[in-house]
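Protein chains in written order, with my numbering: chain A, 645 to 1006; chain B, 4 to 271.
In case anyone wonders, no lab produced these hints; they're calculated from the structure. From the three backbone atoms N, C-alpha and C, an ideal C-beta is built for every residue, glycine too. Treat the hints with caution; some may be incorrect.
[What the hints assert, rightly or not] Quick list of simulated restraints, FRET-style, between CB atoms:
1. B:L202 with A:L959: 18 to 28 Å
2. A:T857 with B:P23: 22 to 32 Å
3. A:Y833 with B:K15: 21 to 31 Å
4. B:P23 with A:Y833: 45 to 55 Å
5. A:L859 with B:R188: 48 to 58 Å
6. B:S229 with A:F765: 23 to 33 Å
7. B:K15 with A:G974: 48 to 58 Å
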Amino acid sequence: MRQLMSGNAALGEAAVLSGCTHYFGYPITPQNELTEYMAKRMGELGLCFIQSESEIAAINMVLGAAAAGARAMTSSSGPGISLKQEGISYLAADELPAVIVNVARGGPGMGNISASQSDYFQSTRGGGHGDYKTIVLAPASVQELTEVVPLAFDLADKYRNPLLILGDGMLGQMMEPVDFDGLARPADYDKPYILTGAKDRPARTIHSLIFDTKLQEEHNWKLFRKFQLMEQNEVRYETYLADDAEMVVVAYGMGARIAKGAIRRLREEGLKVGLLRPVTLWPFPAKALREMAKTVRDFFVFEMSAGQMVDDVKLALEGEAHVHFYGRPGGVIPMPVELSRIVARHYYQARSRDSAAKEEKR
Amino acid sequence: MKTVYERPKLLKEAHFHYCPGCGHGIINRLIVEVLEEMGLGGEAICVAPAGCGMLLYNYFEIDVIESAHGRGAAVATGIKRVRPENLVFSYQGDGDLAAIGTAEGFHAANRGENITVIFVNNGVYGMTGGQMAPTTLLEQITTTTPVGRDSCVAGHPVRVCEVFATLDGAAYLERTAVNRPAAVRKTKKAIAKAFQCQLDGRGFSLVEILSPCPVNWKMGPLDACSWIDEVMVKQFPLGVTKDGTKPTGGAKDVTAATRGGAKDVTCS
Ligand SMILES: Cc1ncc(C[n+]2csc(CCOP(=O)(O)OP(=O)(O)O)c2C)c(N)n1
Ligand code: SF4
Ligand SMILES: [Mg+2]
């Protein structure tokens, strides 16, 4: 059944349907509707909701709940996500599953409460201290948000690693039609590591302190191999009008929604522009980009930031194609028409660059 | 022949890493003795701190999880809300609970979280080399108060039990010491009472234990024990600070899962 819901509320419902039994949160705009939705829903279902004293407490409650075997989640926005980094690092080190939602806003510092994509680096580089990564899912519609939530819980359990859902204030607060009919609760995994009391078995411990550097190195390589598996198996992306494209826009989340609008305009004007939208920001669809670079010479990165994902695009392409960039930081949300004008300019400049090069060869 | 002394089965056959004369070893042993006597070894889940107590899992034959520095009460909260039927306790130092983890401890107490905190007050940051703790006495010399703690610069020693006693969610709070045989026996009783408080679903319980750290106090073990009696207890008086009876709260008919094990309690 289709219903009209805000992204924040839809995310909450999807979490409940995915078997989330424990939610810990602290108010911050623009994700408040999610915390409030969970307060109501978890209460109705007799499940656990705590409004914690801080984001640090919330993530550590998540850690405790995950260690005890629960499907646990927390959510926040930039300033609070910064506070959660301590716990996220411990979750990764302890190999505990958890889902963390960032409904991002303009930064740095307190910033503002408008939608922004300035937390890309923090999300995709681990974010906290130490040598670790987390899968980052970046949906671009309220419906897709509900689809990545069960996937998030499943992948967190599968790899025993914290996972980030990265949205923004626009996705969180706007209402769109959604249906939950296709949402299947992810299967439960065997969890031989959880703490239940050592009644009929040897005692278990969960810790990240490893004094012996050789063993710490071994542990870090083990984590690294897990991250390699994620890179092999969990890359997700969408392409749009990319088959015959001469220029491919790379954008994610709500940025990709804006880019789609721009691309439709450009197509109407006869410009062969397509889109690659990473759904997983980490692991990044680097292979897909390199594959495209066999026929596409120009990639145009659009972000609602001063330029972060553009680094990953450059790393992926290894100089095999030209990389263009347009960004609007600070919570400014550009219209598709603005983006289409800039893309068009770069498109024609690239064409004249190529024809000038051909001339020179002659 | 009568057995008067035995290694508790819940204590692993490992050497404690603590310095000579340290109180942590005594407290570790008391905890497992109580668990064993109460038959709770199979139910207990311990949250270990960052601090000298952080290697508890090398000694305890029970489930143990390490927490980040100061987050013990939050981690214990998460565990207890999933497993209300288990006995969940954190083990925390004074830096851990009364400085970096004040918010987590304070609010777990305020929620009446049905957990127990074993709080080791040794007046210093033991693990990092004897810096000032929130509990460091005025004029006490530490590596970061080289001429003695001056309240104008570094504030006053924090009395955790008295502060937490003002919170309606705190059910049982007692301060004891481990510097004399009689004090050790009292501490054991206090730990048992705190665990029983949790089993009865009464809410937050905490035992603050004055514990010698001879190395960082720059004293011999015996002098350190005397110093607790002669100096430390003046700032930190021993005894029960609070022994409330009922958990309090706002919601009606809350389930064990939502309340974290204060089973079948209807809050008013
Ligand atoms: C976030 C963070 N800050 C600092 C430390 C370093 N650290 C480890 S233990 C400790 C203090 C321990 O003192 P206390 O809690 O009193 O325990 P004790 O060793 O005295 O038993 C500190 C500061 C850390 N591990 N994590
Ligand atoms: S430093 Fe102090 S608290 Fe730590 S083990 Fe040594 S005596 Fe005990
Ligand atoms: Mg200490």
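Status of each hint after checking the structure:
The hinted range of 18 to 28 Å is not satisfied by B:L202 and A:L959, whose Cβ atoms lie roughly 56 Å apart. Between A:T857 and B:P23 the Cβ separation comes to about 27 Å, which falls inside the hinted range of 22 to 32 Å. For the hinted restraint 21 to 31 Å between A:Y833 and B:K15, the CB-CB distance of approximately 29 Å keeps it satisfied. Taken as a hint, the range 45 to 55 Å holds for the pair B:P23 and A:Y833, whose Cβ atoms sit roughly 46 Å apart.
Hint check: A:L859 to B:R188, Cβ distance near 40 Å, so the stated range 48 to 58 Å is violated. A hinted range of 23 to 33 Å for the beta carbons of B:S229 and A:F765 is inconsistent with their spacing of about 56 Å. Roughly 56 Å separates the CB atoms of B:K15 and A:G974, a value that falls within the hinted 48 to 58 Å.
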